[in-house]
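A.B. asks: The listed protein sequences derive, respectively, from chains A, B and C. In terms of this note's numbering, the first sequence opens at residue 44 and continues consecutively. In terms of this note's numbering, the second sequence opens at residue 569 and continues consecutively. In terms of this note's numbering, the third sequence opens at residue 3 and continues consecutively.
Be aware that a few hints might be false.
No more than 25 Å apart at the CA atoms, straight line, and that leaves these computed lysine to aspartate or glutamate pairs for DMTMM-like [to be verified]:
# : chain 1 : residue 1 : chain 2 : residue 2
1 : C       : 260       : A       : 74
2 : C       : 260       : C       : 193
3 : A       : 209       : C       : 193
If we take Cβ atoms under 7 Å as the criterion, some of the chain B residues that face chain C in the derived model are [to be verified]:
#  : residue
4  : 569
5  : 572
6  : 589
7  : 590
8  : 594
9  : 603
10 : 620
11 : 621
12 : 649
13 : 651
Source of the hints: derived by calculation from the structure; they are not laboratory data. Cβ coordinates follow ideal geometry from the N, Cα and C atoms, glycine included.
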Amino acid sequence: MKADAAPATPDISSTERLIGTLFEQARLDRDGALITGVGEFDGAEVAILATTGRTYIGADVALAMARHVLDVMRDAPGRPILIVVDNSGHRLGRWDELMGNNGCLAHLTKCLYFARRRGHRVIGLVNELAVSAGFMALGMATDACYALPSAEVRVMALNAMSRVTKVPLDRLTELCATSPVLGPGVENFTRVGAIRAVWSGDLRAHLRAALAEPPAARDDRRDLGHERGGRALAREVAAQVRAGA
Amino acid sequence: MERLEFRFAGRPGTPLSADGEALVGVVGSGNLEVMIERADLGGACEASVDTSIHGFGDTWQQVIGDFVERRGLANIRLSINDGGATPAVVMLRLDQAWAGLGEKAP
Amino acid sequence: MIPARHSFLEATARARVRGLLDAGSFREFCGPAQRRTSPHLPALGMPVAFDDGIVVGEGTIEGRPVLIAAQEGAFMGGAVGEVHGAKLTGLLERALDTRPDAVVLLLDSGGVRLHEANAGLIAMGEIQRAVFDARAAGIEVIAVIGGRNGCYGGTSIVARSCDRIIASEEGRLSVSGPEVIEAVEGIEEFDAQDRALVWRTMGAKHRRLTGEIDEIVADDIDAFRSAVAAVLGAPRPFDLDALEAEHARLAGRVARFKGAKDAREIWAALGVNDPDRVSDIEADEFNRLVAVLEGDRP
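Just chain A, same shape as in the assembly (with noise of 0.2 Å):
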């Protein structure tokens, strides 16, 4: 039925949508969920890597993507990287962790600190989920990170924290009510500082907007968790702990 309807035009992942709205043109490559390649937007070139289909991301697919953006510091400096972010989190397996899962995940942040220390701007955008470690290692190792209004964050779904850390079900919802720091979603981390800002509306002006904003100086995640109430003491902790008192 599918195949008959339409045996043109091969499946549109909401990844490709967003690029297509973003980009003026974009030259893609996908391979399984992995989505890489080069937009253009205001007539210039931007490095695009994505995921797609809420994927896990296995020390497979961590590598292609550190590939991707090595590939990007060598072939085109300074070339800003966009990261449409899209997961489910690491992937869940045995020959992950045979692997060294782990290591994989560091190198792709590393690569990512590197693209941003040699002058690539690297913005990040969650488009449909973004977990834990899959938040870890693409969203927050960007400059800044944003995120679609219907895009979820999380750490773990709120059953499954509730069976680990043995509060009931109806407790936990009750007090992410009022607690940013607990619950899942998009606003949580926009309060706690992890997304910068959530992007309606126009998305190529937001877009533009951040392309053009000078990467901050220093890590001022938390200074937006302590302005927006989503997280009290960590900025002050860490400067006492810099100061060595």
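Starting from the known structure of chain A, fit chains B and C onto it as the hints suggest.
C.D. replies: Below, chains B and C alone, put in the same frame as chain A:
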């Protein structure tokens, strides 16, 4: 969680001779941490206990009171975070804390 | 006379710090008397700890200045919350100001503290960035793993962001915990009760054989101290060439062992004659084996 506060007479009128603190134990199931500090309390001793097990105020008062009396303490503040330790473990930690404070004496 | 061993595994975070540093050299920052406790745990009816489960400060090892942090594994499984994480980040940032010979991180953690999950996760990102900032400034960051919780979740990613990792045979290093894999993927994928499987897949010896860990020591605080002292002030290269070399190493492994099901296949392919024995041998013999495999005969 339950918060308990106690004050013991200690040795009234004793001046503070030194300061310092020690921390022993780790908060966990069946375990507790005890912080002991020298503080000018006019010779008295104070204890505050945060415990995950409700309804044992009398036991805490007795165990800590015994400790204060046995050691002849003055100007001591005890702060306890408890994950449900037995009185025997509490007693052990209190003695360890006192020993730890001794190591840090000037 | 055989010197007495002082188990690192059994020791508290404070005892580990005391044992690693020169006697009397430790100065703690944001110590327990300041009562910087978690503002989030009481809401969930959980007890707090005066140091939020981590000791941070400075001292010396064989007279050389270091910054040191030790996670207390017995409190909340060493998990990272807002205050705990901020103490680690602040310590790493202090290295930029004081330029010690190394920052030594004694990791013993299940990862993010779920009771303050969002603050814990963002803290992981901040800690990791602070590790990179220290390294970019030429300051060595050493991860030490030998506690009961191993090193899991975001902490495992932080560990692999450091210059090097020193672990005991008992150390484990993985992003997913065995129970989580079993709960999500099923017991056929991973039987969390199979301790031998857990150990083969996530244990320090597997990580050492595949180059994820730099050195294995016996479970002895003095052995850890010697191992740390031996590499102080020797940061690994932190540049694009090093990044490419690391990539080639990781990509090579993933390609070579694409269909691997069990660590023993990998060890055999790496040249271990008797993979079934690896779990039984002590640190000294294991290190001789590694030296032979690496063509670096003693």
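A.B. asks: Against each hint, give a clear statement of whether it holds in the structure.
C.D. replies: Now for the hints, and whether the structure bears them out:
no.	hint	verdict
1	C/260 <-> A/74	holds, 17 Å
2	C/260 <-> C/193	holds, 21 Å
3	A/209 <-> C/193	holds, 22 Å
4	569	holds, 6 Å
5	572	violated, 13 Å
6	589	holds, 5 Å
7	590	violated, 9 Å
8	594	holds, 4 Å
9	603	holds, 6 Å
10	620	holds, 5 Å
11	621	violated, 10 Å
12	649	holds, 5 Å
13	651	holds, 5 Å
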